[in-house]
Amino acid sequence: MNEELKQPISELFDNELEHTTALNLLTKIQDNAELKQVFTRYAIISHALKNNEVLPIANDFSEKIAAQIDKEVFYLNPPRQTSKRYGTLLALAASIAAIAVIIPLKLSQQITTPTTIARQSDSQNVIQTTPILASSKKNQRENGSPLNARIIDYLQAHNNTIYGSDQVDYKPLAAVTAYTGAK
Amino acid sequence: MNSQPKISEQLDEELVARVQQGDKKAFDLLTIKYQYKIIQLVNSYIKDPSEAQDVAQEAFIKAYRALDTFRGDAAFYTWLYRIAINTAKNYLLSRSRRSSHFEIDIQDAEKVENLPELHDLDAPDQQLANEQIIETIKQTINLLPEEMRTAIMLRELEGMSYEEIAVTMDCPVGTVRSRIFRAREAIDNKLTPLLSNGDFR
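Residue numbers (our numbering), protein chains in the order written: chain A, 1166 to 1348; chain B, 40 to 240.
Heads up, some of the hints might be wrong.
To be verified - DSSO-like mimics (lysine-lysine), calculated; alpha carbons at most 27 Å apart, straight line:
#, chain 1, residue 1, chain 2, residue 2
1, A, Lys1229, B, Lys86
2, B, Lys101, B, Lys63
3, A, Lys1193, B, Lys64
4, A, Lys1215, B, Lys177
5, A, Lys1193, B, Lys101
6, B, Lys177, A, Lys1171
In short, the hints are calculated from the structure, not lab data. Please read all numbers here as calculations on a predicted model, not as lab measurements.
I would like the entire structure built from these sequences, with the hints used as guidance.
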């Protein structure tokens, strides 16, 4: 039944079969124990001729591997493009670094110009925060801490009263932070 | 000159791509294609056919697990051979450590492995059967017509491609294909009765 496939198997064994034919034959061998045995015997003959010794090969060798692989995690991912991915990550890191440098710079510039802050807040907030701004500028001059200036700026940009409840002794968290920072 | 390795590599590339997309059956085809070469390679290090098959199996599993990292910079079989050699060396090393409890390097493990007295560990009846197989193959080769014997010997011993054999023997490649196949068939016909149920372990 498989006699006509024996010569192609011999050629496949020698890597002398055309691509499509080789693929089709391998698929047939995969599903046919008789063809697999022919392939095995050709391998035994080859090894015996080359090395003058017999190398036994189990017929179910590939089945054992296939069974083991069936338990393995399924491979879905195509090969990763390392260089492109690396470039993307590098660009992202550079962007984050730039943002981390530029934003604090901008913020510190805004603190020194009250008119800028006024544009950012609503009119009521500007009225409430103007005295604080004056004192914060003074503090900044005294201790020279840009971090403190940023916290004060944050407080000015937000109405502190919204962080507090109606309780009398309750201090807004942001205000406490500003105090600690100023210290 | 010889385009066959390229064709073989193309087939490997296609199968590897299929495995990387989740087709496990494609890896089975790669296993069938390379199992003998890998077992032979591992056996050249380990010198125990039974253990060699276990280690070769481990090498194939490792290759499957690492296949998503295979970029195709080298040919698949080169990559697979490297994995097989490393697996065999690691096996020798761990076995030597288990038996001696001493730290030795891979080269030492290979030296121990190559001691001739450690090789003839087959059961006497198995050894006899193996000798009979070798003798049968030799006798059959000697009885083959001259052109068939030359063709199979050039292929197996000299590793020539069909094209090179055709040039050497001054005949068409198709004739070489046929001669090599008929030589194998003649040996196989004599060999099959010696292999129990065709399942040779």
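The hints, checked one at a time:
Distance restraint check for Lys1229(A) and Lys86(B): the Cα-Cα separation of roughly 21 Å lies within the 27 Å cut-off, and the hinted pair is therefore satisfied. Restraint check for Lys101(B) and Lys63(B): the C-alpha separation of about 14 Å stays at or below 27 Å, so the hint holds. The straight-line distance between the Cα atoms of Lys1193(A) and Lys64(B) is roughly 12 Å, inside the 27 Å bound, and the hint therefore holds. Pair hint Lys1215(A) plus Lys177(B) holds up; C-alpha atoms about 11 Å apart against a cutoff of 27 Å.
For the hint pairing Lys1193(A) with Lys101(B), the CA-to-CA distance comes to about 25 Å; that is within 27 Å, so the pair holds. Distance check on the hinted pair: Lys177(B) and Lys1171(A) sit about 22 Å apart at the alpha-carbon level, within 27 Å; holds.
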